Structures are given as structure tokens and as C-alpha cells.
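Number of protein chains: 2
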Amino acid sequence: MRAYNFCAGPAALPTAVLEKAQQELLDWHGKGLSIMEMSHRSKDFVAVAEKAETDLRQLLHIPENYKILFLQGGASLQFSAIPLNLLGKNNKADYIHTGIWSEKALKEARRYGEINVIEAGTDVDGKKAITSPETWALSDNAAYVHYAENETIGGIQFPFIPDVQAPLVADLSSSILSAPLDISRFGLIYAGAQKNIGPAGLTIVIVREDLLDQSKLEIPSILKYADQAKNGSMVNTPATYSWYLSGLVFEWLLEQGGVDAIHKINQQKAELLYGYIDQSEFYQNPIALDYRSIMNVPFTLADAALEKTFLVEAEKHHLLNLAGHRSVGGMRASIYNAVSLDGVQALVDFMQDFARQHG
Amino acid sequence: MRAYNFCAGPAALPTAVLEKAQQELLDWHGKGLSIMEMSHRSKDFVAVAEKAETDLRQLLHIPENYKILFLQGGASLQFSAIPLNLLGKNNKADYIHTGIWSEKALKEARRYGEINVIEAGTDVDGKKAITSPETWALSDNAAYVHYAENETIGGIQFPFIPDVQAPLVADLSSSILSAPLDISRFGLIYAGAQKNIGPAGLTIVIVREDLLDQSKLEIPSILKYADQAKNGSMVNTPATYSWYLSGLVFEWLLEQGGVDAIHKINQQKAELLYGYIDQSEFYQNPIALDYRSIMNVPFTLADAALEKTFLVEAEKHHLLNLAGHRSVGGMRASIYNAVSLDGVQALVDFMQDFARQHG
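Sequence order for the protein chains is V and R.
For the first sequence, full-length UniProt numbering gives the first residue as 1, with consecutive numbering after it.
For the second sequence, full-length UniProt numbering gives the first residue as 1, with consecutive numbering after it.
Extracted from the complex, chain V is given alone in its bound form:
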């Protein structure tokens, strides 16, 4: 049987997607070979690749003046690729710091340009929150403003899109496709696939065309957005199987009713889990109400000594991967699109029983 998988990434994929992939793994559409055994330039694969792009464009209502790139290397390689692509004409950028991932991004960017860091973390009644953009000391003339829309480890998420002058660049690795998004507000968004898109090894970059031609001289050619855009993300062989699987996830999302529909379910899931935590005296979430992530829910137990028991018992109930990130400890339930409301209900039921037994 399939367990409930709360892994932060690589994360759960829809069972229906895996079943389809399984069915056509050895012989794709009667062609006598696997999709992963086909040239990326073959008519069949190009059709699969283009359909994935079209479906993603539809799902997020991506305007025509944005290119969608299917790249390799993970969001962490984008931490370098972004300044290398965008700081060639103007060497200055603002980075909003709200947690571990935005910090990694800004540390890497500092190696390539003049980086103005805005410390945007704050506390509200002992809970973590994000300061208002009006208080941010933004540069007059930054090439872009970067932020992590959802901090996967901290479980803190922006409830608004910052209104800034410079092009907005956002890491959406753990929140893309979880809720409607007004792409036209951004210069660039990027996301590692392994949360809401597909398997690890694929990275999506959505970039406004007018930002394509300002790369720095030292950029590795493969990382150049302009070249990848011109070549349909095939300057070299892309991660074809990951691209195909992501396409299956996009089809599945459209079948579910698209991003609006999945967002409603995501809201129900989040309300159920946060609602239970808030009324319990045994569990705690460290984030102020307005800034809670809809995808990653960190929580602690009243007695930290019970953590190991909690994880072992959870596993017996087929509730997997609930340990928090090794850098912060505690628990974390990642409730991405592929995690069902049933799964969250099963988790809450278990948490309730566990609290009763050990509280």
C-alpha cells in the first residue's frame, strides 16, 4: 500500500501520475521504447516537452512575454545563475532575508555583485513574522529584488507580493502551483521541481523576456537564460524523463480543476492541521497567523524527548517523513499538492491519539 508521505522534498507525487508512468515505462504510446530512451530532439519527445510547457502556461496563466525554461541543477544552482544572468549591466541587487533559503541565495549572490540585504524577519507576540515592505531600505537602482516566497524549513510564507520598483525575483520552490499567482508582478520566478512539480533534477525558471540579455561575462554558457530560451531549453540534453513526469503532473493538476481547485483543497488541509495544532496544548507552531506556510507546517511537541517516539509511532500508522529539517529539529509536515486531505486527516487523528497517550 501507498503510505502518507509528508517529506519536504523530494516529495510525494500523485499516485495517478506514478501509475501512468509505470504503465508506459517500457513502451511509450506503442513506440517500442521508453520515453527516457528517446532523443530530446525527436518529434515525440519535443511534443511531450511542448505540451508540458503549454499546460504549465495555462495552469499559472503565464503571459506570452515570459519564457518558461526547463533546466537542471536545482534551485541552488539558480542562486548563482540569477546574479550571473541579471547583474551584467547593473551590478546591484536587493535580497530580502526571511530564513535559511533566502540566506543561502544571498550568500551566493554576494560572490557576484553588490548585495543589499534587508533583514525582514520579525517577532509578533513571540511568533515569527515578516516586516512590511514599507519599512524595507531598498536600493534606488537595484537590478532586481530577490525573496523566498515560502521558506520550506522555517514554514514562513509571504501573504502578499511585495510592491517594489525593481524587477521582482522569487524562489517559489516549495509553493509554486499551490495557489494562484499573478506572474505579471514578477521579473523572474524559479522552482526546483521536487516539491510540487515532479522528480528532483529539474528546475523551472519563468523569466520576463526583457530581462534575458544582461548576463555577466563569466557565466557558464549552459546557465545563460537567453541561450536556453532561444533553444527551447535544449542547449544541451535536458533531464528528459523529469520533464515528462512533470508534464504528467501538470495534466493531473488540470484534471483536478487547475490551481484554483487545488488551492481550495490546500487551504482545507492547512486549516485542518493548523486548526488542530492551535487548539492543542501538546503541539506548537512557531509562526504568526498571517505568515504561516500553506505547504510546510513545522511543529514541536510539549516534550522534545518524545520526538523519536512520535516519529516511530507515526511510521507505524503509515505517516512518513515528519522529522523537521536537521538544521532546526522538531517536526514538519509538508502538505504539498500531492498530499490529500485524507492524508492530513490521518495525521491529525494520529497526533490527537499521541497527545492523549503522552500529554
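Check before you lean on any hint, since a few could be wrong.
The list makes no distinction among identical chains, and a pair is therefore deemed to hold if it is satisfied within one copy or across any two copies.
What the hints assert, rightly or not - Computed list of lysine-lysine pairs in DSSO-like fashion (alpha-carbon distance at most 27 Å, straight line):
hint: 1; residue 1: LYS264; residue 2: LYS230
hint: 2; residue 1: LYS308; residue 2: LYS216
hint: 3; residue 1: LYS89; residue 2: LYS107
hint: 4; residue 1: LYS224; residue 2: LYS104
hint: 5; residue 1: LYS127; residue 2: LYS216
hint: 6; residue 1: LYS107; residue 2: LYS127
hint: 7; residue 1: LYS43; residue 2: LYS316
It is worth saying that the hints were derived from the structure and are not from the lab.
These numbers come from a predicted model, not from an experiment.
Fit chain R to the supplied structure of chain V, relying on the hints for placement.
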């Protein structure tokens, strides 16, 4: 039914490997989730990753003072990563030019250092060959000497490992694991996975430890061999599913008797195909005897106007992807490890019939 697939890459994978992957796609070893849904840091995935590395080490007899890295981005990203990693102390390298891929590598390297290009292509009785290393004007003090051991497009391969002073760096994308290799002769070898290893999206780098700490300042952190070596190729999330599939291919290779055994079959395949081409008046291979690739066999027809008919007829016989690279035209049969002797026999039978009909 499964066709015979002569694609140059992404290329054929062993049917047994795909069957195993298919069987455990939704539920890996009864754990209730797919291997692609697991954290790369989970005990289960780390065991899979380490076994793949151990098996590869065994297959190629890789000495202990070499690190094996499982990276993303393709061999083309290594065209930048290699100079960025190796030219930090000494900014000079020699590049041996024998075809399209070695040319791409040297063009990218020129962006980062002083590159001395050795034109090593030559003609022997109208057939392409490689000059002897004794004639090469190598630098006195290069940081490394780079060459492409097998030119996938040209179908030309080194019948020897060049004996040079500086550390030898070799692109083995299309020949790794096809024949025994004395790794101790190299400073670094690298290979995109999508020919003899696994699906596209994974790149293997095997690097001698003493070369790890000489990177250039501008290198993107994710590309730094020293950091990836220290972190078991997990500085960020690796391409976990590709890593797992490559591990299945390594297991399959060991079951076949290892590289020595597969090499014998590869020799039989090459002898069968080249032998038939050589005695035919209808087909031609452009490479001199000693320099023919054991993996990629380009050939032309007596009448180029028949190429389209040849491809259409071949497909009717379940012989797929025989078109040459778009940059050179003609035909090409890539006969990697996963292409069986039966497959090559079926190709030769078809070629014979086609020549009889159209010759």
C-alpha cells in the same frame, strides 16, 4: 514489443533495468512510496546512492584516491565546470581537437583561461584518423590536457590513452563502461549518463583527490568538486531518480559479468557491423580502421537520396533512430551496452536487404 533503439542519446537502457524500475515505481521495497518521493538524505536513499557508487567503483576498478561525483547539468556544463575547477592556480590548459564535442569543450574553456589547442585530426587514405601524441605541441606547464575519448557525432575514438605530463582530463560520455579503462592514467573523467549509464539529467565526474582544491573564484558553488566531494554529491538535492536508475544499470552490468564481459560483446557487435559495411559496396564508414568508435558507427549510403527511404523502412523493421546527427547528416548506429548483439544482427540483416533492393 520493444524495438531496437540505436539512438545516440538519450539512448537505449537494458529492458531488465526498466522492468525492475517499473515493478518498484509506486512502492519501493515495500516502503509505501516511490524512490523518487524519498528525501535524498533518508537512510533508504543514501543506501541506494552509496551502493551505486560502490558498484561503479568496482566496475571500473576506480582507485581509492578518486572521488566519484553524481552531478547535474550534463557533460556540457562540465565544459565550464572543468576549467572553473582546475584553472584557479595555473590558468593554462591543452585541448586536443578531434571533432565536434572536443571543439565545444575547448570553446567554452577559452572563456576561462589560456587554452592551447592541438589540432589532432588527420586523414589516412581519405579516412579520418588521429595524430600521434608525439607530434602534439603540448604546453610545458598546463594545468591539464583535455580530450574527448570518443567523438559521438564523428564516430572517431582514441585507440590509446595519451601519455602526457599534465593531468589528463577526458570526456567519456559515449564510451564509459563500454571497455576496461585504467582510471589511474587520468586526473579526471566525466560522462553524461544518457548513453551507457542511465537517463539524461545525471553526470558522473571521477576526479583524483589532489585536483580538488584549485578552483577559480567565480565558480558557482554547486559546481565546485571539492564541496560536492565533501558532501557526497549532496550540496543540494541531486537527481535522485536518475541516480537510482543508474545504480540499477550498474547492477545489471555486474550481472552480465562486468566491463570485461560487456566489452567482448561490444567488440562482437562492432566487428559485425563494421565488417558488413566494409565488404558492402553500398555502405561506407568514414573513419580509418584503428580509430573507429566501438559505440557510434556513422555510415553513408551509396545514394544519399535514399536516406529517407532507409529510415522509413528501418522503422518498419523496428530499427529506430538511425539518422546521423543533424550537423553531419548520413546515418549513425549507436550500439551502446544496452543494444544487444541480436539488435545489431537485425540491423545488418536489414541493411543487406535494403542494399539488395536499392543497390
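LYS224 and LYS104: within-copy, between-copy, both or neither at 27 Å Cα: Both: 21 Å inside a copy, 16 Å across copies.
Same-copy or cross-copy closeness of LYS308 to LYS216 [CA-CA at most 27 Å]: For LYS308 and LYS216, neither the intra-copy (48 Å) nor the inter-copy (44 Å) Cα distance is at most 27 Å.
Identical-chain pair category, LYS107 with LYS127, by Cα at 27 Å: Intra 26 Å, inter 53 Å, cutoff 27 Å: intra-copy only.
Up to 27 Å CA-CA - LYS230 versus LYS264, copy category: Close neither inside one copy (37 Å) nor across copies (43 Å); limit 27 Å.
Identical-chain pair category, LYS43 with LYS316, by Cα at 27 Å: For LYS43 and LYS316, the Cα distance is within 27 Å only across copies (17 Å; inside one copy 47 Å).
Homomeric proximity label, LYS89 with LYS107: Cα distance no greater than 27 Å: both (20 Å within a copy, 24 Å between copies)
Alpha-carbon proximity between LYS127 and LYS216, which holds within one copy, between copies, both or neither at 27 Å: For LYS127 and LYS216, the Cα distance exceeds 27 Å both inside one copy (40 Å) and across copies (42 Å).
Figure legend: structure checked against the earlier numbered hints; hints not met, in rising order: 1, 2, 5.
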